[in-house]
Amino acid sequence: MAHLLERYDSARHGWSRREATHLLWRCAAGASPSEIDRSVDEGMTKSVARLIDSQPESDEFTATENLLHRSALKSGNINSLKNWWLYRFLKTANPLAEKMTLFWHNHFATSNAKVRSTEKMDVQNALIRQHALGNFAELFRTIARDVAMLLWLDGNANRKRHPNENFAREVMELFALGVGNYSEKDIKETARAFTGWHVRNDEFWFNKVQHDAGKKTILGKSGPFKGDDVLEIFLEHPACARFVATKLLAGFVRHDPDSAMVDALAERIRAHKFEIAPVVQELISSQVFYAPTSRRALIKSPVELVVGAHRTLDGRAHLSECVQLMSDLGQNLFEPPTVKGWEGGRLWINSATMLQRANFASQVTGGERFGKFGASPRTRGSESETVTSYLDLLLAGSVSKSTHQELTNYLRKAGGSTKEQTSGLVQLIMTLPEYQLI
Amino acid sequence: MKTSRRNFLARSAAAGVVSIGAAAPPFLNRAAWAASEEGEKDRNDQILVLVELAGGNDGLNTVVPFSDEAYLKARPGTRIAAEAVLKLDDALGLHPQMSGMKELYDEGLLSIVQGVGYPNPDRSHFRSMDIWHSARPGDEEFRGDGWLGRALDQSQKDHAGRLPALAVGTDRLPRALLGHKVNVPMLRSIDAFKWNNGSGPEADRKRRRELIEKFAAERAAGNPSLDFLRRTTASAALTAKRLGELGDDYKTTAGYPDNGLGKKLKTVAQLITADLGTRIFFVSLGGFDTHSQQEGAHAALVGELSTALSAFCEDMAEHQLSDRILVATYSEFGRRVQENGSLGTDHGTASQMFVVAPKGHRKSKAGLIGKHPSLTDLDPEGDMKFHTDFRSVYATILENWLEFPSEKVLGGTFAKLDFV
Numbered sequence: 001m002a003h004l005l006e007r008y009d010s011a012r013h014g015w016s017r018r019e020a021t022h023l024l025w026r027c028a029a030g031a032s033p034s035e036i037d038r039s040v041d042e043g044m045t046k047s048v049a050r051l052i053d054s055q056p057e058s059d060e061f062t063a064t065e066n067l068l069h070r071s072a073l074k075s076g077n078i079n080s081l082k083n084w085w086l087y088r089f090l091k092t093a094n095p096l097a098e099k100m101t102l103f104w105h106n107h108f109a110t111s112n113a114k115v116r117s118t119e120k121m122d123v124q125n126a127l128i129r130q131h132a133l134g135n136f137a138e139l140f141r142t143i144a145r146d147v148a149m150l151l152w153l154d155g156n157a158n159r160k161r162h163p164n165e166n167f168a169r170e171v172m173e174l175f176a177l178g179v180g181n182y183s184e185k186d187i188k189e190t191a192r193a194f195t196g197w198h199v200r201n202d203e204f205w206f207n208k209v210q211h212d213a214g215k216k217t218i219l220g221k222s223g224p225f226k227g228d229d230v231l232e233i234f235l236e237h238p239a240c241a242r243f244v245a246t247k248l249l250a251g252f253v254r255h256d257p258d259s260a261m262v263d264a265l266a267e268r269i270r271a272h273k274f275e276i277a278p279v280v281q282e283l284i285s286s287q288v289f290y291a292p293t294s295r296r297a298l299i300k301s302p303v304e305l306v307v308g309a310h311r312t313l314d315g316r317a318h319l320s321e322c323v324q325l326m327s328d329l330g331q332n333l334f335e336p337p338t339v340k341g342w343e344g345g346r347l348w349i350n351s352a353t354m355l356q357r358a359n360f361a362s363q364v365t366g367g368e369r370f371g372k373f374g375a376s377p378r379t380r381g382s383e384s385e386t387v388t389s390y391l392d393l394l395l396a397g398s399v400s401k402s403t404h405q406e407l408t409n410y411l412r413k414a415g416g417s418t419k420e421q422t423s424g425l426v427q428l429i430m431t432l433p434e435y436q437l438i
Numbered sequence: 439m440k441t442s443r444r445n446f447l448a449r450s451a452a453a454g455v456v457s458i459g460a461a462a463p464p465f466l467n468r469a470a471w472a473a474s475e476e477g478e479k480d481r482n483d484q485i486l487v488l489v490e491l492a493g494g495n496d497g498l499n500t501v502v503p504f505s506d507e508a509y510l511k512a513r514p515g516t517r518i519a520a521e522a523v524l525k526l527d528d529a530l531g532l533h534p535q536m537s538g539m540k541e542l543y544d545e546g547l548l549s550i551v552q553g554v555g556y557p558n559p560d561r562s563h564f565r566s567m568d569i570w571h572s573a574r575p576g577d578e579e580f581r582g583d584g585w586l587g588r589a590l591d592q593s594q595k596d597h598a599g600r601l602p603a604l605a606v607g608t609d610r611l612p613r614a615l616l617g618h619k620v621n622v623p624m625l626r627s628i629d630a631f632k633w634n635n636g637s638g639p640e641a642d643r644k645r646r647r648e649l650i651e652k653f654a655a656e657r658a659a660g661n662p663s664l665d666f667l668r669r670t671t672a673s674a675a676l677t678a679k680r681l682g683e684l685g686d687d688y689k690t691t692a693g694y695p696d697n698g699l700g701k702k703l704k705t706v707a708q709l710i711t712a713d714l715g716t717r718i719f720f721v722s723l724g725g726f727d728t729h730s731q732q733e734g735a736h737a738a739l740v741g742e743l744s745t746a747l748s749a750f751c752e753d754m755a756e757h758q759l760s761d762r763i764l765v766a767t768y769s770e771f772g773r774r775v776q777e778n779g780s781l782g783t784d785h786g787t788a789s790q791m792f793v794v795a796p797k798g799h800r801k802s803k804a805g806l807i808g809k810h811p812s813l814t815d816l817d818p819e820g821d822m823k824f825h826t827d828f829r830s831v832y833a834t835i836l837e838n839w840l841e842f843p844s845e846k847v848l849g850g851t852f853a854k855l856d857f858v
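Heads up: the sequence lines are chains A and B, in that order.
Using my numbering, the letters of the first sequence correspond one by one to residues 1 to 438.
Using my numbering, the letters of the second sequence correspond one by one to residues 439 to 858.
None of these hints come from the bench; they were simulated from the model.
Values in this document were obtained by computation on a predicted structure and should not be read as measured data.
Positions of the beta carbon are idealized from the N, C-alpha and C atoms, including for glycine.
Do not take every clue at face value.
[Unchecked claim] Where chain A lies over chain B, by a calculated footprint (3+ residues, C-beta under 8 Å):
hint, stretch
1, 595-606
2, 623-631
3, 668-682
[Unchecked claim] Using 30 Å as the maximum straight-line C-alpha spacing, the simulated DSSO-like pairs for lysine-lysine come out as follows:
hint, chain 1, residue 1, chain 2, residue 2
4, B, K619, A, K114
5, B, K540, A, K401
6, B, K689, B, K701
7, B, K846, A, K185
8, B, K823, A, K114
9, A, K340, A, K185
10, A, K419, B, K632
11, B, K595, A, K419
12, B, K846, A, K340
13, B, K525, B, K803
14, A, K46, A, K91
15, B, K809, A, K185
16, A, K372, B, K632
17, A, K114, B, K846
18, B, K823, A, K247
19, A, K188, A, K91
20, A, K188, B, K846
21, A, K340, B, K595
22, B, K644, A, K372
23, A, K114, A, K208
24, A, K340, B, K619
25, B, K595, A, K247
26, A, K401, B, K652
27, B, K846, B, K540
28, B, K619, A, K247
29, B, K632, B, K652
30, A, K413, A, K401
31, A, K419, B, K644
32, A, K74, A, K372
33, A, K208, A, K185
34, B, K619, A, K188
35, B, K823, A, K413
36, B, K809, A, K413
37, B, K595, A, K413
38, A, K188, A, K221
39, B, K644, B, K619
If we strip away everything but chain A, and leave its shape as in the complex, we get:
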């Protein structure tokens, strides 16, 4: 089924605003009019490379980011760290790296609700960011020794005579293999291998006295395994690449990928030896990524909703209000609800969150609660053309003819100042059910 991941032939199938906005919504949570123009001009290869390759950050970004980061650590207030992370999302020149940082934060979901340390959450976040587009195996090995993770999953409770299965179970179920690929016995044996992985003086500490050095049998292999050995057993297990493939497809392509897709991507993951950047590069250049059934197949997360509005409309965010809104909508950064992370998809949406999403649109266009929003696409010509240019900017994809006509009629009849007229149009577009899809 390798053809699923065959390169999308942009020369033959086209590279228009539709493809460019699809790519930019999925990988950068939206883009400004000029960024979209540039992507259309440059074509797929360069657009994808710009997302994958590290871009230099501006001095302004670096200075502000540093300031927010320092003050968050100084205050020890986790909410300040959330503000800092949102700022990064909004203004970084490397949006895909930021998306992947959140992706792995969700994968290795650790919550400050239990860790209760802004500093340790920050250390984990930096560790994830460092490997976000790097090597999964390396990230996996590193995060297994991360202090926040060990506190989160009760490392210190895992002792020779009283193995604690929490870490072992989650490593297998949620980090590496997925349910159905191991037995309860495997969990017990794995827990033994991780006995003595403790935290002392806020650092990882291998507590030799509490380590069970006996023979273990895990997934059919036997030996006096230590924790590190077990991580390698998981990485070599065929379920691991499939598990990561499933997650990547759900994050980039569609919520419920079929097994042929999963197999095809898992094969590429193994071929690239768990290097994430080339895998993502192939995925977002693939036929399946641009296939009609993959368009508008994902529901925007609260982060994508908020970041998208700012990136498309050149917002200057009121960070704490935006962070609070994302939390109200179900995505509280650094505090995923459970070790399973945010389930996402349709669970983001109910009548309460839908109303809040609609009210966010009203605030963005008619208020200043979440920030100030400036930019607009060039709008010369008729009302119909104005509607088209705003739709192109704000939506990933088109709307029905009748919707377009209704929007045009709205603009024709609208009173008030020109600014009020376009604000009303933008509010309408941002309240379209289509707006929640990318």
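Take the given structure of chain A and dock chain B to it, following the hints.
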């Protein structure tokens, strides 16, 4: 009498609330309560209002063993005088600020489950609250889900698009409501449910509102996610309308106190009246961590609880909804029998839970359930021993009230109590 869906529809239609028109597909009418075929059942389902008393309520000064020598001896500076308590019997009385709840008790609506706790009590606020929320006392695993979240997960319904539970006035989502198949919204106030129509001329704002509803009513487009979003948008618009109308002229003669819990429970009452299909409401009252000079603070808190709760019950009775409402309170722990040196009390263990449930749902009369724990047979820390596992209370609520199976949710079978 139950508020029937038909009555509600008739009223709404007469008031022009349901304005979709005859041509609209049937799901849009149903979307009014964000439910599908199960709508009818959801309408009449029983509702749980869970009131958290955060900080560790001093149960001994709430339901006071006023004639117990051991109480008088252990509480020389913080005791409630026998002549001041609102007597329930010869041995026990409610705190003098709790006249509202005393009335509920006298009417046979209030039960007091005594001596509730769990084995190996933890005296950390965080850990103990976590145990009450997760209902997994012996389990060090932190999967993060809670007892009501798990109950919703196991109800096998598709919760997407619906509001099976709401947390009202909390800063963060309480763990009790965390599940893997449900995303429970938090509602800081009723205003969060108001539709903000943006700025600009009134006529344009009105047109936008109409267009939004029109777009939401568009037919299937071969994208199930888009259909789902349209249905939910239609549902949100109707919810906002109904709450807007109810919010602006919500009528009750119930005398809600002007305090935090009063406001939260009034919001809950409005949401229940709006009939959104929500079956579980969570509110919290904090400040019970009374380590020093506790008299005034504690009196204010139990007074707030009592006045707010009795107003809420009055309101529900006025709306003829009492039959569908059960209110339960809990706190992460009670406090130590012996007062400390600063006219306060330290973290303890077993305490009571209050339950308000309609008449006609239990075998015996509402009242005291279980004995008051002994004040002399204490654990090594000087704390009372529990005799009723909190999961028995949960099992009773789940099985006898919400009609959810409890065994998987609670990880075992627990004896059910006779408060509902």
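Status of the hints after comparison with the structure:
Counting residues of the stretch 595-606 of chain B whose C-beta sits closer than 8 Å to any C-beta of chain A gives 6, which meets the bar of three, so the coverage hint holds. For a cut-off of 8 Å, the count of residues in the stretch 623-631 of chain B with a CB near a CB of chain A stands at 6, and the three-residue condition holds. Closer than 8 Å: that is the beta-carbon criterion, and the stretch 668-682 of chain B has 7 residues meeting it against chain A, so the requirement of 3 holds. Restraint check for K619 of chain B and K114 of chain A: the C-alpha separation of about 22 Å stays at or below 30 Å, so the hint holds.
Note on K540 of chain B and K401 of chain A: the hinted pairing is violated, with a Cα-Cα distance of about 65 Å set against a maximum of 30 Å. Only pairs whose Cα atoms come within 30 Å are accepted, and K689 of chain B paired with K701 of chain B is accepted, the gap being roughly 14 Å. For the hint linking K846 of chain B to K185 of chain A, the alpha-carbon distance of about 22 Å falls within 30 Å, and the restraint holds. Proposed proximity of K823 of chain B and K114 of chain A is supported: the alpha carbons are some 28 Å apart, at most 30 Å.
The hinted pair formed by K340 of chain A and K185 of chain A meets the criterion: a straight-line CA distance of about 22 Å does not exceed 30 Å. Proposed proximity of K419 of chain A and K632 of chain B is supported: the alpha carbons are some 25 Å apart, at most 30 Å. Restraint check for K595 of chain B and K419 of chain A: not satisfied, since their Cα atoms lie roughly 45 Å apart, outside the 30 Å limit. Simply put, K846 of chain B and K340 of chain A have alpha-carbon atoms about 19 Å apart, close enough for the 30 Å limit, and the pair holds.
Between K525 of chain B and K803 of chain B the CA atoms are separated by roughly 17 Å; this keeps the pair inside 30 Å, and the hint holds. For the suggested pair K46 of chain A and K91 of chain A, the alpha carbons sit about 21 Å apart, so the restraint of at most 30 Å is met. Proposed proximity of K809 of chain B and K185 of chain A is contradicted: the alpha carbons are some 44 Å apart, above 30 Å. About 22 Å separates the Cα atoms of K372 of chain A and K632 of chain B, which keeps this hinted pair within 30 Å; it holds.
For the hint linking K114 of chain A to K846 of chain B, the alpha-carbon distance of about 25 Å falls within 30 Å, and the restraint holds. Of the pairs offered as hints, the one joining K823 of chain B and K247 of chain A is violated, with about 48 Å between alpha carbons and a cut-off of 30 Å exceeded. As the CA atoms of K188 of chain A and K91 of chain A are separated by approximately 45 Å, the hinted pair breaks the 30 Å bound. This hinted pair checks out: K188 of chain A and K846 of chain B have alpha carbons roughly 22 Å apart, not beyond 30 Å.
Taking the CA atoms of K340 of chain A and K595 of chain B, the gap is near 20 Å; set against the 30 Å cutoff, the hint holds. Between K644 of chain B and K372 of chain A the alpha-carbon distance is near 24 Å, which keeps this suggested pair within the 30 Å criterion. Simply put, K114 of chain A and K208 of chain A have alpha-carbon atoms about 26 Å apart, close enough for the 30 Å limit, and the pair holds. For the proposed pair K340 of chain A and K619 of chain B, the alpha carbon gap of about 11 Å is at most 30 Å, so the pair holds.
Using a Cα cut-off of 30 Å, the hinted pair K595 of chain B and K247 of chain A holds, with the two alpha carbons roughly 25 Å apart. Our distance criterion of 30 Å between C-alpha atoms is met by K401 of chain A and K652 of chain B, whose separation comes to about 14 Å. As the CA atoms of K846 of chain B and K540 of chain B are separated by approximately 36 Å, the hinted pair breaks the 30 Å bound. Proximity of K619 of chain B to K247 of chain A is assessed by CA-CA distance (about 18 Å); at most 30 Å being required, the pair is judged to hold.
For the hint pairing K632 of chain B with K652 of chain B, the CA-to-CA distance comes to about 19 Å; that is within 30 Å, so the pair holds. Simply put, K413 of chain A and K401 of chain A have alpha-carbon atoms about 18 Å apart, close enough for the 30 Å limit, and the pair holds. Taking the CA atoms of K419 of chain A and K644 of chain B, the gap is near 18 Å; set against the 30 Å cutoff, the hint holds. For the suggested pair K74 of chain A and K372 of chain A, the alpha carbons sit about 28 Å apart, so the restraint of at most 30 Å is met.
With a C-alpha separation of about 23 Å, the suggested pairing of K208 of chain A with K185 of chain A holds against the 30 Å cut-off. Taking the CA atoms of K619 of chain B and K188 of chain A, the gap is about 27 Å. The hint holds against a cut of 30 Å. For the given pair, K823 of chain B sits about 73 Å from K413 of chain A by alpha-carbon distance, which is inconsistent with the 30 Å threshold. Of the supplied pair hints, the one linking K809 of chain B and K413 of chain A is violated, its CA atoms being roughly 73 Å apart against a limit of 30 Å.
A threshold of 30 Å between alpha carbons decides the hint, and for K595 of chain B with K413 of chain A the separation of about 45 Å lies outside it, so the pair is violated. As the CA atoms of K188 of chain A and K221 of chain A are separated by approximately 14 Å, the hinted pair is consistent with the 30 Å bound. With a C-alpha separation of about 36 Å, the suggested pairing of K644 of chain B with K619 of chain B is violated against the 30 Å cut-off.
Violated hints, listed in ascending order, are 5, 11, 15, 18, 19, 27, 35, 36, 37, 39; each of the other numbered hints is respected by the structure.
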